Amino acid sequence: MVKVQNLVKEYPAFRLDNVSFSLESGKITGFIGRNGAGKTTTIKSMLNLVHPDSGEIYYFGKPLKGNESEIKGRIGYSTGTVNWYPRKKIRDIVATEKLFYKNWDEEAYRKYLSLFKLDESKTPLELSEGMKVKCNLLLALSHKAELLILDEPTSGLDPFSRDELLDVFTSLKNQGVSVFFSTHIISDIEKCADDIIYISEGRIAAAMPKNEFMSSFSNEGESLEETFLRLERGVRNG
Amino acid sequence: MVNLLKKEIKLSSSVLSFLFIAFGLMFFIPGYPVLCGAFFVTLGIFQSFQYAREANDIVFSALLPIAKTDVVKGKFLFSCFIELCSFAVMAAATAVRMTLLADAKPYVNNAMMNANLFALGCALVIFGLFNLIFLNGFFKTAYKFGKPFVTHIIVTFVFIFICEALHHIPPLKAVNSFGSENIGLQLILLAAGALCSIILTAVAYKSACKRFEKTDL
Numbered sequence: 001m002v003k004v005q006n007l008v009k010e011y012p013a014f015r016l017d018n019v020s021f022s023l024e025s026g027k028i029t030g031f032i033g034r035n036g037a038g039k040t041t042t043i044k045s046m047l048n049l050v051h052p053d054s055g056e057i058y059y060f061g062k063p064l065k066g067n068e069s070e071i072k073g074r075i076g077y078s079t080g081t082v083n084w085y086p087r088k089k090i091r092d093i094v095a096t097e098k099l100f101y102k103n104w105d106e107e108a109y110r111k112y113l114s115l116f117k118l119d120e121s122k123t124p125l126e127l128s129e130g131m132k133v134k135c136n137l138l139l140a141l142s143h144k145a146e147l148l149i150l151d152e153p154t155s156g157l158d159p160f161s162r163d164e165l166l167d168v169f170t171s172l173k174n175q176g177v178s179v180f181f182s183t184h185i186i187s188d189i190e191k192c193a194d195d196i197i198y199i200s201e202g203r204i205a206a207a208m209p210k211n212e213f214m215s216s217f218s219n220e221g222e223s224l225e226e227t228f229l230r231l232e233r234g235v236r237n238g
Numbered sequence: 001m002v003n004l005l006k007k008e009i010k011l012s013s014s015v016l017s018f019l020f021i022a023f024g025l026m027f028f029i030p031g032y033p034v035l036c037g038a039f040f041v042t043l044g045i046f047q048s049f050q051y052a053r054e055a056n057d058i059v060f061s062a063l064l065p066i067a068k069t070d071v072v073k074g075k076f077l078f079s080c081f082i083e084l085c086s087f088a089v090m091a092a093a094t095a096v097r098m099t100l101l102a103d104a105k106p107y108v109n110n111a112m113m114n115a116n117l118f119a120l121g122c123a124l125v126i127f128g129l130f131n132l133i134f135l136n137g138f139f140k141t142a143y144k145f146g147k148p149f150v151t152h153i154i155v156t157f158v159f160i161f162i163c164e165a166l167h168h169i170p171p172l173k174a175v176n177s178f179g180s181e182n183i184g185l186q187l188i189l190l191a192a193g194a195l196c197s198i199i200l201t202a203v204a205y206k207s208a209c210k211r212f213e214k215t216d217l
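So the protein lines, in turn, are chains A and B.
Position 188 (the first sequence) corresponds to 188 in the numbering used here; numbering is contiguous.
Position 97 (the second sequence) corresponds to 97 in the numbering used here; numbering is contiguous.
In case anyone wonders, no lab produced these hints; they're calculated from the structure.
Computed from a predicted structure; not experimentally measured.
Hints are supplied without guarantee of correctness; some may be wrong.
The list that follows gives simulated cross-link-like pairs (lysine to any residue, SDA-like), each with its CA atoms no further than 25 Å apart [unchecked claim]:
{"hint": "1", "chain 1": "B", "residue 1": "K10", "chain 2": "A", "residue 2": "Y101"}
{"hint": "2", "chain 1": "B", "residue 1": "K10", "chain 2": "A", "residue 2": "S69"}
{"hint": "3", "chain 1": "A", "residue 1": "K65", "chain 2": "B", "residue 2": "C209"}
{"hint": "4", "chain 1": "A", "residue 1": "K88", "chain 2": "B", "residue 2": "K73"}
{"hint": "5", "chain 1": "A", "residue 1": "K44", "chain 2": "B", "residue 2": "V59"}
Based on the sequences and whatever the hints tell you, model everything.
Encoded structure:
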């Protein structure tokens with residue numbers, strides 16, 4: 001469904017180093033790494049917000065370059081919280097946004113609006129950080145996307161909302177939607193991910209099914225969280 | 001294309017961009033450099049860019065299911081839309097001044113540049129310069145607009161000064177024709193201004209697309 005090949009992006013103090021992985025359809029993939037590991041840069045490159053120095057990105061067998069509008073219409077994405085048009089009503093933002101989606105799903109929009117308990121007549125400025133995340137997710141979920149790319153969707157959510165959201169992911173997966181989400185909250189991965197992509201210092205350290213990851217990297221009796229902490233400590237200590 | 005313009009108008013624009021269209025009426029003011037009206041229209045468009053930057057509009061637009069270059073197209077469409085609206089106001093004011101008010105004393109004794117078809121052509125060149133200097137300059141970073149706007153101010157006022165000075169050079173007196181005098185020449189100068197504006201805008205758009213494709217958001 002998605003193939004990222006040899007993605008390179010060089011910043012003065014950071015390098016995204018030959019990042020390659022693929023995402024399979026109908027699966028939930030957790031993209032994990034500590035702050036500054038390169039998760040957001042990778043996701044932004046996948047959405048063409050960041051211009052990579054080199055590398056290729058394919059969606060549904062087509063390169064992103066040259067097929068951007070078609071591909072973006074088939075995927076849903078959320079890059080953290082809603083931080084645009086702080087004084088416009090959500091209703092007005094949505095009314096304009098849906099003009100661009102041929103497959104806008106009003107029924108799904110209403111369903112998630114009610115599930116997330118969002119008030120359309122509020123402005124982003126009036127929303128809490130958690131509600132802003134939900135507002136962004138609402139937009140990503142309302143146009144029959146075949147794939148969701150979400151950058152830290154659970155950050156800022158309370159434990160109940162996080163749990164609800166992870167259930168939404170599972171229910172979407174059952175409907176055939178693939179989910180790719182970055183997080184540094186390991187319990188989110190533990191709860192619902194099928195596959196894990198682990199990025200450390202700009203390099204993909206592992207990309208495999210969760211069970212395989214645990215059998216390859218976890219010591220006996222060790223939880224996923226403990227495994228990641230041990231691996232990261234190893235990286236830091238050289 | 002229509003949706004891009006709708007989005008710009010509904011979400012990304014400042015009301016001042018629309019109010020400043022009325023500066024096109026400065027073409028009625030005698031004894032005043034009428035081309036300043038065109039500059040004030042571009043100042044109105046600048047207000048929308050300020051608002052859009054505060055509202056994080058560029059990232060929102062880039063995340064829509066459109067190509068990244070369509071974000072540039074949206075901004076150019078909006079700017080050209082405002083420019084054309086104000087051009088219509090200027091053209092109407094010029095038409096009234098050239099016909100119904102052709103004998104009005106303040107216009108007959110006007111010491112400054114007359115509002116005629118040449119002036120309209122010059123206004124179009126100012127819009128083209130704005131698109132080339134400001135819009136193209138903005139998309140270098142999609143964030144910084146101070147330097148492009150200050151450059152636009154300097155270039156535009158030098159251009160206005162030159163336009164105002166032209167008719168004081170005896171062989172070029174005809175550019176300041178009043179009413180329907182030298183209408184053939186006036187029409188040619190208007191067409192030349194329009195062509196110049198189109199070329200400047202096309203060059204600006206192509207360059208801005210190239211720049212924005214490489215910009216990290």
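Review point. Which of the stated hints cannot be reconciled with the structure, identified by number in ascending sequence?
Key: Checked against the structure, no hint fails, so every one of them is satisfied.
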